[in-house]
Each structure stands twice: as structure tokens, then as C-alpha cells.
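Those protein sequence lines, which keep their order, are chains D and Z. The opening position of the first sequence corresponds to residue -15 in our numbering, with each subsequent residue numbered one higher. The opening position of the second sequence corresponds to residue 2 in our numbering, with each subsequent residue numbered one higher.
If you're looking for bench data, these hints aren't it; they were derived computationally from the structure. Watch out, some of these pointers could steer you wrong.
[To be verified] With a straight-line Cα cutoff of 27 Å, these simulated DSSO-like cross-link-like pairs (lysine-lysine) come out: (1) D:41 to Z:39; (2) D:41 to Z:4; (3) D:67 to D:-2; (4) Z:39 to D:-7; (5) D:67 to D:-7; (6) D:41 to D:67; (7) D:-7 to D:41; (8) Z:39 to Z:4; (9) D:-7 to D:55.
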Amino acid sequence: DGGITQSPKYLFRKEGQNVTLSCEQNLNHDAMYWYRQDPGQGLRLIYYSQIVNDFQKGDIAEGYSVSREKKESFPLTVTSAQKNPTAFYLCASSIQSSTGPLNIQYFGAGTRLSVL
Amino acid sequence: AQKVTQAQTEISVVEKEDVTLDCVYETRDTTYYLFWYKQPPSGELVFLIRRNSFDEQNEISGRYSWNFQKSTSSFNFTITASQVVDSAVYFCALTEETSGSRLTFGEGTQLTVNP
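Go ahead and model the full structure; you've got the sequences and the hints to work with.
Structural data, given as C-alpha cells:
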């Protein structure tokens, strides 16, 4: 089945700990994204990557880090510097078109992160 | 800067009623794309539709229809004869040609369809 897999579904973080959320896609998409969703709010972009070994900060990148060593993988690390990490995290991917933002983003099922 | 406003935080209807979800956007670009996504209780966002700024034709897909009006910067979504399975949070989103792949989402509308 083609799609985007996020793991784990639920994650708990202790104070001062870094945690990493996994996102894998087998859609052969070039671009991948991480969003944060808080209750009653829309999605906010954390980081995105349009190509392997390159990524850009989104609107709320502070306290987060990413890597893009492989086309199919885009892990997100929530560092201890992120003081309010409790949220629902969604990963997405899209094709990257040179003719314009032909960018229907397809989403994974999300990871719910809570602080212990 | 781009912005999307979904003024309706929550809507509750009875099954078989028609319901319209409002979306108003702001952009300075002449080329942009608008989207609607559905987020069921499982959490995954499901793509529903994409429109570009040069195509103002309304679209119908089964019980779903979309009304795009550039004059009022609106892209409203109507569900006809709603069903309980339509209960979800619906997001409107916008991307400008100059912003590459970045999507700006509205805050979402929680639709509850009661039997």
C-alpha cells in the first residue's frame, strides 16, 4: 500500500528529553513537511524539505530539528528547548513540480505527543 | 502575507440537512491554489479538492460542491443531504505560487451531523 507512515501513534516525553517522531513515505514524493496541530487550531508548518539533504524552517521551527538523508524519510526531533511540545504532529508529502506548486499534500495519521 | 479564515468554529446539523462551510482568504498573488481537507476523528487529513485562481468554475462531486468567488475571496464548501459519516473537522488552505509548497491553513470547522 502506498502512503505515509508515522510512528509512534502516541509518544510521551519527560522533561529535558529529546524525542524523535518518524515519518516514512513510499509515494516517491520529493517534498515532505511537518505540521503541528493544537486543539481548536489549524495546522502550523514546522519544517519542510523539497529535496534530499535540504530543508527549510517553517513558521514555528524553534525547539525542533529535522534531517532528510533519504527521500522516503523525514524524522522530526522535538528537543528539550521546545517548552510546550504537547500537540498532534502531522507529516505530509507531495510531488514537486517545476511548472508550479502542483502540490497536493498527502498526510500521515499523526503522532500525539504528551509531556509526562 | 497569506491568510485563511474559517469563521465557523463549530456547526451542528441533523442528518439530511444541507450545510455550507465558509472560507475566506487573503493573498497578494494573482496565482494561488485553494484546498479543502477533511480530518475525521482518526486524525489523518484527507484531500478533498484543489482549485487554482484562474478557474472559477464551481465544482460538484457527489454530495459535495464548492463555490469559488474571487470577487469576495471566498471558497465555500457545501455538503448536500449530510450524513453522520460527514462528521469531521474541515480545513480550508491556501498556497501562493511564490510561496512554493507552503500551505496556510484556516483554523478548521468542526462539523457534527446528528442522526
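Structure-inconsistent hints, enumerated in ascending order: none
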